[in-house]
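The hints should help you fit chain B onto chain V, whose structure is shown.
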Amino acid sequence: MTSRRMNMIEAINSAMDVAMGRDDRVVVFGEDVGYFGGVFRATAGLQAKYGATRSFDTPITECGIVGVAVGMAAYGLRPVPEIQFADYIYPALDQLVSEAARIRYRSAGQWAMPITVRSPFGGGIFGGQTHSQSPEGIFTHVAGLKTVIPSTPYDAKGLLLAAIEDNDPVIFFEPKRIYNGPFDGHYDRPVQPWAKHPASEVPEGHYTIPLGKAAVVREGQDLTVLAYGTMVHVALAAVEELGVEADVIDLRTLMPLDIETIEASVKKTGRCLIVHEATRTAGFGAELAAQVQERCFYHLEAPIERVTGFDTPYPHSLEWAYFPGPIRIGMAIEKVMAE
Amino acid sequence: MNIDSRRTNIPPLALHIPEPPARPGEEADFSHIQVTPAGETRRPDSWAEPHSLHDMAYGLVRVLDDSGAAIGPWDPRLSPETLRQMLRDMALTRAFDDRMFRAQRQGKTSFYMKCTGEEAVAVAQSHALDFEDMCFPSYRQQGILITRGYPLVEMINQIYSNRGDALKGRQLPIMYSAPDHGFFTVSGNLATQLPQAVGWAMASASRGDTRIAAAWCGEGSTAEGDFHAAMTFATVYRAPVIINVVNNQWAISSFVGFAGGEATTFAARAIGYGVAGLRVDGNDPLAVYAATAWAAERARTNNGPTLIEHFTYRAEGHSTSDDPSAYRSADERAKWPLGDPIARLKAHLISLGEWDEDRHATMDLECAEAVKAAQKEAEKNGILGHGLHQPLETMFEDVFETLPPHLREQQAQMLAERMRKWPDQGGGDAQ
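Going line by line, the protein sequences match chains V and B.
The numbering of the first sequence is this note's numbering, which starts it at 242 and goes up by one.
The numbering of the second sequence is this note's numbering, which starts it at 6 and goes up by one.
Just chain V, with the same shape it has in the complex:
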């Protein structure tokens, strides 16, 4: 299969292109998604290629976008709605939590809900509190939803194709800070394009990455770092800068969670650091910490550490004081390694 360099947006666009080409039941829609191709250009060209009944603009109602997706899925389509920013997803919560997530269960399998809700999430773009949030923990808490977060163009395409082909509803959060290039958390250094990163070499055709499989993106003996999305790159940079021998695990899928890979690593290293952008209290890191101690308690050499966003609304001007960057991670690594 031929491949080429893609940034994450191009990889996501390619995934939808491939999915729509293979299966005419796949439809994409959302605010500004159709003619214009999305505010981040993720759906660019799809309307021209597949027509306006398969890629179209919608009214500005997230409740309606997801509600309509549920009805389309009931008909037999495979909708891939876009919520323009994860921060806007809350009006759709009832349709996601009480409907899409529950319809297979409440109908005892009479209806499936093969819906993939794509949405850019996370901070680091000076988006202020309504364009920066990381609400993944809200969705991992809901029985019946899968939650997927890629960290590279290659993963984004393979995971998105797997999500679209999955017969259950998937929340697919795209870390928008790394749409155009990986980000090591050093906001005062020049930005890097994806072109220099090996995972920007993306096959043009069809491939999938199974949901529920984490990736060990760096191997080491002394520490296990659990991260996803943008924080995979920030954590990798911090580990390298401190010269720590660490397993860095990119979770890729929060639900279902690849606990086996996590467990094997923590039992090997005896130390665990969890990194996410989302607010701390009752964030997904709390779930990870609980599961790691349940399974690895007698292998732990130090308390499990969490690096997270602070429990405040996402600030605008103080973004870099809020963002869980290399310093916060470095301090946590020092702490977890000191025991």
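Since the hints were made in silico from the structure, they are not lab data.
Note that the coordinates shown come from a computational prediction; the quantities given were computed from them, not determined experimentally.
Any given hint could be a false lead.
[Said to hold, decoys possible] Now the in silico label distances, taken between C-beta atoms and shown as ranges:
{"id": "1", "chain 1": "V", "residue 1": "242", "chain 2": "B", "residue 2": "50", "range": "55 to 63 Å"}
{"id": "2", "chain 1": "V", "residue 1": "432", "chain 2": "B", "residue 2": "135", "range": "52 to 60 Å"}
{"id": "3", "chain 1": "V", "residue 1": "428", "chain 2": "B", "residue 2": "268", "range": "48 to 56 Å"}
{"id": "4", "chain 1": "B", "residue 1": "419", "chain 2": "V", "residue 2": "462", "range": "52 to 60 Å"}
{"id": "5", "chain 1": "B", "residue 1": "385", "chain 2": "V", "residue 2": "286", "range": "56 to 64 Å"}
{"id": "6", "chain 1": "B", "residue 1": "50", "chain 2": "V", "residue 2": "301", "range": "32 to 40 Å"}
{"id": "7", "chain 1": "B", "residue 1": "391", "chain 2": "V", "residue 2": "301", "range": "36 to 44 Å"}
{"id": "8", "chain 1": "B", "residue 1": "391", "chain 2": "V", "residue 2": "538", "range": "39 to 47 Å"}
{"id": "9", "chain 1": "B", "residue 1": "419", "chain 2": "V", "residue 2": "481", "range": "43 to 51 Å"}
Even glycine gets a Cβ: it sits at the ideal position worked out from N, Cα and C.
Okay, now just chain B, sitting in the frame of chain V:
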């Protein structure tokens, strides 16, 4: 409160809290309801532009007059056979409701909801729609299933959450789901089905299908954002969908005023969206049929969605958990100005010479017997809380298509708990 902030030279503001005309102990008062004489409301073409239909949202489509005669342009001119079938479907729905309500009182299930007085809505509409058209009902359209011939035994299995329940005992009673009968899984969250119906209709149109969708909600839940989202999507894409607002005057204990009913009609909601809106006597089966057929023809010919307000009355409590004597006048049902749908269709058939009291009594008996027989059959599969439930491990099935590892672990935990509770009964799979 800072009194000084009041400016004393203008009258103070006053907040309006709606209050129904009558409360318990008071005489029912429907004097504010204007009943348009049967036959008087015009019948526009089904392809008419929405802006030419504004008067329809304030009128009242009525066919049956007080003498039981069918008059005016909306008379659907149905055959006596069809009329008798509609009468029987309504009677069977009422008999089913009566028996299931009693079953709940007898402790055989946890919950039930009747549609007494509103049978014409679901039944006449099901006659007007094609069997293949997709219904997204609320919890009070059991008449759709009965009219479409869904087995009563299956309905009762669901109500009992027993071993025969097609939904594996997972849903509250009456939250049916029947794909083979074009009946979407009922949600307890209100109005969520409206944008879903619009999405289904959009999908049908985008695939060049010929089937249309219909959805139902109460007047109370038109206040939900989902209603607005559905109407907006419906008008934007001219979706082949019928959105039915069953205005039965009461949302549990909240009278129609708390949904905005003091200020305007619910059919008039359509005007702001540029959607065709009809207001129909919901207790007149012929008017309901005719309006639905009009809207279905409109949808099927790519002329877009219709909002139908069915003006009716919830003759009984919201559910088995409700006591309407605590909040509304006791004689409202008797004084409701639009009568009872079964009595009105019966009178019409008798006036045609196509029915009589003896045949009606026989039909009622047959309906009661059919429900009784179905109940007996369903009880072989158990009643709620008395053994014969679904196998324990099914609790974890259908969360996802395949069982993920964490649910497999939790399933094992639950089975271990049951073994501790019922060690001599193999975990008590029948407890």
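Hint numbers contradicted by this structure: The structure breaks hints 4 and 7; every other hint is satisfied.
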